[in-house]
Amino acid sequence: MKMNLLALSRSIHPKDNKNTVGMAAIPLTGFSKVTIPLNMQIGPGCEAIVAKGDQVEIGQPLGKPIGPWSVPVHASVSGQVASISEEILSDGSHAEYVTIIPDGLDTVSPLVKPPQIETKEDFIKAIRDSGLVGLGGAAFPTHVKLDPPADRPVDTLVVNAAECEPYITSDCLICNNGAPEVVEGILATCKWVGFDRVIIGIEDNKMESAKALKAAARAVKDDPRWPRDGISVKVLKTAYPTGAEKVLIRLLNGRIVPEGGLPCDIGVVVHNVSTLHFLARYLKTGMPLVTKVITLDGSAVATPGNFEVPMGAMIEEVIEKAGGTKTTPGKIIMGGPMMGIAVDDMTRPIVKHNNAILIFDEKEAELPEESACILCGRCIRACPMRLLPMSIDKAARGLDVKELNARHVQTCIECGSCSYVCPAKRYLVQNIRNGKALVEAAAASTEKGGKS
Amino acid sequence: MLHVSASPHLRDRVTTRSIMLHVIIALVPVIIASFFIFGLAGPMLFVFSAAISAGFEALSRMIMKREQTVGDLSAIVTGLLVAASLPANTPLWILIVGDFIAIVVVKQMFGGLGDNFANPAVTARIVLAVSFAGQLASYSVADKLLGIDLVTRATPLMIAKEGSQAIPSFMDLLLGNHAGCIGETSIAALLAGGLFLLLTGIIDLWAPLTFIGTTVLFTWATGADPVLHLMSGALILAAFFMVTDYVTSPTTIPGKIIFGVGAGLITGLLRIYSAMPEGVSFAILFMNILTPHIERWTAPTALGGVKHAKK
Ligand code: SF4
Ligand code: SF4
Chain A
-2 MKMNLLALSR
8 SIHPKDNKNT
18 VGMAAIPLTG
28 FSKVTIPLNM
38 QIGPGCEAIV
48 AKGDQVEIGQ
58 PLGKPIGPWS
68 VPVHASVSGQ
78 VASISEEILS
88 DGSHAEYVTI
98 IPDGLDTVSP
108 LVKPPQIETK
118 EDFIKAIRDS
128 GLVGLGGAAF
138 PTHVKLDPPA
148 DRPVDTLVVN
158 AAECEPYITS
168 DCLICNNGAP
178 EVVEGILATC
188 KWVGFDRVII
198 GIEDNKMESA
208 KALKAAARAV
218 KDDPRWPRDG
228 ISVKVLKTAY
238 PTGAEKVLIR
248 LLNGRIVPEG
258 GLPCDIGVVV
268 HNVSTLHFLA
278 RYLKTGMPLV
288 TKVITLDGSA
298 VATPGNFEVP
308 MGAMIEEVIE
318 KAGGTKTTPG
328 KIIMGGPMMG
338 IAVDDMTRPI
348 VKHNNAILIF
358 DEKEAELPEE
368 SACILCGRCI
378 RACPMRLLPM
388 SIDKAARGLD
398 VKELNARHVQ
408 TCIECGSCSY
418 VCPAKRYLVQ
428 NIRNGKALVE
438 AAAASTEKGG
448 KS
Chain B
170 MLHVSASPHL
180 RDRVTTRSIM
190 LHVIIALVPV
200 IIASFFIFGL
210 AGPMLFVFSA
220 AISAGFEALS
230 RMIMKREQTV
240 GDLSAIVTGL
250 LVAASLPANT
260 PLWILIVGDF
270 IAIVVVKQMF
280 GGLGDNFANP
290 AVTARIVLAV
300 SFAGQLASYS
310 VADKLLGIDL
320 VTRATPLMIA
330 KEGSQAIPSF
340 MDLLLGNHAG
350 CIGETSIAAL
360 LAGGLFLLLT
370 GIIDLWAPLT
380 FIGTTVLFTW
390 ATGADPVLHL
400 MSGALILAAF
410 FMVTDYVTSP
420 TTIPGKIIFG
430 VGAGLITGLL
440 RIYSAMPEGV
450 SFAILFMNIL
460 TPHIERWTAP
470 TALGGVKHAK
480 K
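Residue numbers (the numbering used here), protein chains in the order written: chain A, -2 to 449; chain B, 170 to 480.
Since the hints were derived computationally from the structure, they do not count as laboratory data. Possibly wrong hints are sitting among the right ones.
[Unchecked claim] Derived pair list, reagent style SDA-like, types lysine to any residue, alpha-carbon separation capped at 25 Å: (1) A/LYS12 x B/SER187; (2) A/LYS391 x A/ALA440; (3) A/LYS422 x B/SER174.
[To be verified] These stretches of chain B come out as covered by chain A in the derived footprint (C-beta under 8 Å, 3 or more residues): (4) 173 to 183; (5) 282 to 294; (6) 373 to 384; (7) 419 to 425; (8) 459 to 471.
[As the list claims (entries may be wrong)] Counterexamples of contact, computed for chain B against chain A with all Cβ distances above 10 Å: (9) PRO212; (10) ALA227; (11) LYS234; (12) THR238; (13) ILE328; (14) ALA329; (15) VAL430; (16) PRO446.
No residue lacks a Cβ here, since even glycine has one placed at the ideal position from N, Cα and C.
Turn these sequences into a full structure, and let the hints guide you.
Structure follows, in structure tokens:
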């Protein structure tokens, strides 16, 4: 516990538990099957272009995009397509999967070759063909972000290396070992999209990574693609959620994304370091997004570490190959402990935006019991978006749509800080999410009412 | 069995109970000091009041058939604060009435911790002071260290109002060696407790500082002795333990400042211009009532957003 005389902070300081720092990514292979979802992004995904029984090779597209936002998905192993299956998820949406039984040969498709880029259009198309989405966790299609509407000129590229979620170290690893590639990705982006300045934001618990990035940037100072105002590395105080897009932009250059808006509204594009790192590699090799480096950690994991896994590998098999568990798992989280999703099914596949699997033991998984709000104000002080979480919580429980709107429920980024600090252990984020759904449902029904 | 729950999957260690425990620890110096100033009567009142309050809390939750909350320790905090606001020679039955008002009437009848609009201990103090003005008019201190006999004395604020006797020395004010309610005389003990709460992050400085500052400035501007007003009466007790009460004071920084300044102004006004020597309780109760409105006036603007709609 620490002093809080003036109560000015807008962040929290959970124990960072970065136990896997510095551990190289161990490639895991020999999976019994991979199940690749045709949608691993925000917005509509793909439609299958392979059929049961087809032979596929690494890097071969399995689906073709069905909308301007969609990006293709690719085979992550060579082998035979065992099935194309459909599943209805708990939220009512449909998900389609291509299941491949690997032949163990890891043959690379002849389609995999470095893209030829002459124009900005080529560049955007190549990025899209690579299947790239925001690897920080949001899964926003990268080609869309790199091609903002003409009325939204962008001048600043913010590179997110904050990795503020506890446990996760995969981005840190990329910075330590692949800083030159990160910078190459930045330069390529600068060349084709055109930014005046690039700011890399990183927290001060990763000084080694910060140094590596600085050195890599310094080494290419004379490159013709170097942006006008340069590439700078800004070290930020370690706090959660520094890496939340809107928070990071404000910390790095003071601009504030308007409510309901996007960073491009204020001339900024944010990319995760791992996204740029992949981009550089793709431009060189043409190998689309078929593997992912993830951090495996948590109290029930036998040997925590970083692992490179093929897309679509089952969580269960990843855990087993990575050393297994040492106690009965109580909870399995895809992503970080603050924003990750608890999974009910160990056969779920690894997808593009996964950056961690955390396995908690029974004790850590225990859910705290909720008690009455004591109006202590901790959630307010923790909220990076300057909301009143306890008021939104109350409005959501009272199904009060008007109050929910008045309390700006849609501004919430679901960072989890409010629930984290609440001494009454209230399920604030959960109720805020319900509140958002209520507001959306109400808006949809008035729209319908207006039309009929 | 895999647990599935909404994020976040990490929770801070601080609980309602741990916060209340911190407040109880912060009151320990005050309880100890009361022994040296008021003899055994001091600590006994504290302990009785805490126990009676916990009993009332447990009973009312049982009768109302709601989940048991006595374990959150908030009733003990309230009990200690009710005792802190009474003279050493308070009859036990008046103490019981005070705890009943605080726990049953002000807290549980409004829904329990978090739903009470007024500070239970402050309200109990006012009701007792008004209802039992005769019984609570005299303030006693132990006649000698560890003495059992209590002798009645005037409190420093009474002396200031009537001007009949010499006011206690600075040292006596600091240590609390003078007549008054058992939890409010020893400034040194209260500061120790307040400092503990500040250092452990349980409270912040905004409300205490603006409350004390306004009262001192106001009394000084009207020609009264600001040091006497700072160091006697319930000012310091209230600054650290009552204007900082989570439930009944604003949650935002501007709100805390408004609360502190408002309570300070009312305290100063009552102390200087009313017939009563002390005005802290009324000031706090008044600001408690105003708190929901202050909260609305001071609601922060969402990042990147326009002002919160006012109701
Ligand atoms: S942190 Fe919890 S108890 Fe405190 S005000 Fe927020 S919701 Fe209420
Ligand atoms: S209200 Fe939303 S943005 Fe604010 S702390 Fe809670 S989850 Fe984060």
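- Against the earlier hints, flag every one the structure doesn't satisfy and list their numbers going up. 12
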